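Chains as they are written, first to last, in my numbering: chain A, 397 to 684; chain B, 3 to 127.
Calculated from the structure, these hints are not laboratory results.
Everything numeric in this text was worked out from a predicted model, so none of it was measured.
Do not rely on the hints blindly, as some may be mistaken.
Listed below are the simulated DSS-like cross-link pairs for lysine-lysine, each with C-alpha atoms no more than 25 Å apart in a straight line [to be verified]:
#	chain 1	residue 1	chain 2	residue 2
1	A	LYS489	B	LYS4
2	A	LYS519	A	LYS430
3	A	LYS656	A	LYS610
4	A	LYS489	B	LYS66
5	A	LYS489	B	LYS107
6	A	LYS456	A	LYS489
7	A	LYS449	A	LYS475
8	A	LYS475	B	LYS66
9	A	LYS635	A	LYS430
10	A	LYS517	A	LYS430
11	B	LYS87	B	LYS66
12	A	LYS540	A	LYS489
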Amino acid sequence: MPENLTIAIASGKGGTGKTTIATNLACSIAQTGKIVQYLDCDVEEPNGHIFFKPGIEVAKSVTISVPDVDAELCNSCGKCGQLCQYSAIISLKNEPLVFEQLCHSCGGCMLVCPTGAIKEKPKEIGFVDIGSANGVKFGQGRLKIGDIHTPSLIKQVKSIKINDGIVIIDVPPGTSCPVIEAIKGSDFVLLVTEPTPFGLNDLKLAVEMVREMKIPFAVVVNRSDPNEQMTSQYCLDEKIEIIFEVPDDRRIAEAYSVGKMIVDALPEYEGIFTILYERVLNRIKGRE
Amino acid sequence: MKIAISSTGQTLDSQIDQRFGRASYFIIVDTESMEFDVIENSNTDVAGGAGINSAKVVIDAQAKAVLTGNCGPNAQRTLSAANLKLYTGVSGTIEQAVDLFKAGKLSEATEPNVGSHFGTENTNA
Numbered sequence: 397m398p399e400n401l402t403i404a405i406a407s408g409k410g411g412t413g414k415t416t417i418a419t420n421l422a423c424s425i426a427q428t429g430k431i432v433q434y435l436d437c438d439v440e441e442p443n444g445h446i447f448f449k450p451g452i453e454v455a456k457s458v459t460i461s462v463p464d465v466d467a468e469l470c471n472s473c474g475k476c477g478q479l480c481q482y483s484a485i486i487s488l489k490n491e492p493l494v495f496e497q498l499c500h501s502c503g504g505c506m507l508v509c510p511t512g513a514i515k516e517k518p519k520e521i522g523f524v525d526i527g528s529a530n531g532v533k534f535g536q537g538r539l540k541i542g543d544i545h546t547p548s549l550i551k552q553v554k555s556i557k558i559n560d561g562i563v564i565i566d567v568p569p570g571t572s573c574p575v576i577e578a579i580k581g582s583d584f585v586l587l588v589t590e591p592t593p594f595g596l597n598d599l600k601l602a603v604e605m606v607r608e609m610k611i612p613f614a615v616v617v618n619r620s621d622p623n624e625q626m627t628s629q630y631c632l633d634e635k636i637e638i639i640f641e642v643p644d645d646r647r648i649a650e651a652y653s654v655g656k657m658i659v660d661a662l663p664e665y666e667g668i669f670t671i672l673y674e675r676v677l678n679r680i681k682g683r684e
Numbered sequence: 003m004k005i006a007i008s009s010t011g012q013t014l015d016s017q018i019d020q021r022f023g024r025a026s027y028f029i030i031v032d033t034e035s036m037e038f039d040v041i042e043n044s045n046t047d048v049a050g051g052a053g054i055n056s057a058k059v060v061i062d063a064q065a066k067a068v069l070t071g072n073c074g075p076n077a078q079r080t081l082s083a084a085n086l087k088l089y090t091g092v093s094g095t096i097e098q099a100v101d102l103f104k105a106g107k108l109s110e111a112t113e114p115n116v117g118s119h120f121g122t123e124n125t126n127a
């Protein structure tokens with residue numbers, strides 16, 4: 397029976413190693429012959445492609461709907477502006493003024509307009525790239541510079557999710573709307589952290605978030621330091637499993653700096669990410 | 003002619019509020035009679051759209067010009083669409099600003115003089 401599950405790789409703090417874990421995990425699972433898809437949902441700064449170097453077959457333009465006002469039909473009643481909670485449309489003496497960058501595409505202004513003067517028009521917010529590399533199905537979102545509709549684009553990246561294999565989602569850092577959108581619907585979350593006070597502080601925030609979302613999770617410690625007790629003590633106190641540790645190995649950083657995956661550059665690490673996958677699988681099965 | 007001035011207080015000797023969208027008050031002054039109304043600005047703490055909504059407030063108050071310290075792009079666009087004149091970089095008291103305006107000593111701004119969210123980052127500006 398083909399395994400069908402989604403694992404999100406998240407972290408509170410940026411730069412802890414989400415992409416390192418996500419790309420190596422996806423590659424390692426693919427090497428065991430399973431169907432794997434890697435989706436880079438860090439759409440403001442996708443960088444998984446640096447490691448995969450995928451061939452992109454399709455680059456789909458993603459648009460949202462914003463209001464388009466027909467000045468001839470507008471009777472300046474002002475209902476659109478009263479409705480909009482984001483001040484994306486505001487009625488003045490003549491026809492309303494639209495601020496497309498503030499629009500959340502709810503369509504409310506069109507519904508309340510009594511003269512049908514407001515229609516939808518598309519506004520491009522970014523792209524979804526689809527391709528493949530090293531036997532991994534690759535997908536990524538690219539938000540246009542200056543655009544703020546991050547969750548809308550992430551939703552589109554996730555719409556290409558396969559349903560007959562393992563999906564690895566590379567989540568943006570933090571704990572806000574884009575992160576929630578990327579994690580939503582996952583079977584398991586790996587929270588990547590680093591053994592620093594910053595890493596721990598933001599890990600705590602991320603733990604609160606996934607607990608709120610009621611998704612099973614475990615912690616991955618990257619650049620692990622055996623002398624550092626803060627993170628392990630926190631996880632012990634909170635009964636959180638540290639499912640995996642990546643040692644603080646300079647050669648990993650060197651491979652990273654030239655866009656190489658750990659599993660490609662350092663043969664002795666081959667297989668360790670397969671162990672991570674099996675541990676996650678056991679955790680999920682243990683719950684069923 | 004009615005003009006709107008962003009203000010830190012409710013009297014003509016109050017200081018101009020350097021933020022337009024998140025100004026504490028708008029004082030609407032009739033430049034002929036020097037009679038004025040005070041509008042408490044409900045947009046000081048909104049998450050977004052403060053400039054646009056504050057522009058709407060002064061437009062609805064029938065002001066024909068706005069005197070303020072700093073004005074961002076969305077507020078400027080809204081004021082301009084309603085044909086209000088905008089004067090930025092104004093400081094001192096409300097009364098001094100009105101005098102300068104009446105004496106023709108202020109120059110009109112045709113562009114915003116700060117970026118978006120200036121007022122959220124410079125609460126004491």
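Hints, one by one, checked against the model:
| no. | hint | verdict |
| --- | --- | --- |
| 1 | A/LYS489 / B/LYS4 | holds (17 Å) |
| 2 | A/LYS519 / A/LYS430 | violated (38 Å) |
| 3 | A/LYS656 / A/LYS610 | violated (34 Å) |
| 4 | A/LYS489 / B/LYS66 | holds (13 Å) |
| 5 | A/LYS489 / B/LYS107 | violated (29 Å) |
| 6 | A/LYS456 / A/LYS489 | violated (39 Å) |
| 7 | A/LYS449 / A/LYS475 | violated (50 Å) |
| 8 | A/LYS475 / B/LYS66 | holds (24 Å) |
| 9 | A/LYS635 / A/LYS430 | violated (32 Å) |
| 10 | A/LYS517 / A/LYS430 | violated (42 Å) |
| 11 | B/LYS87 / B/LYS66 | holds (6 Å) |
| 12 | A/LYS540 / A/LYS489 | violated (33 Å) |
Of the numbered hints given earlier, the model fails hints 2, 3, 5, 6, 7, 9, 10 and 12; all others are met.
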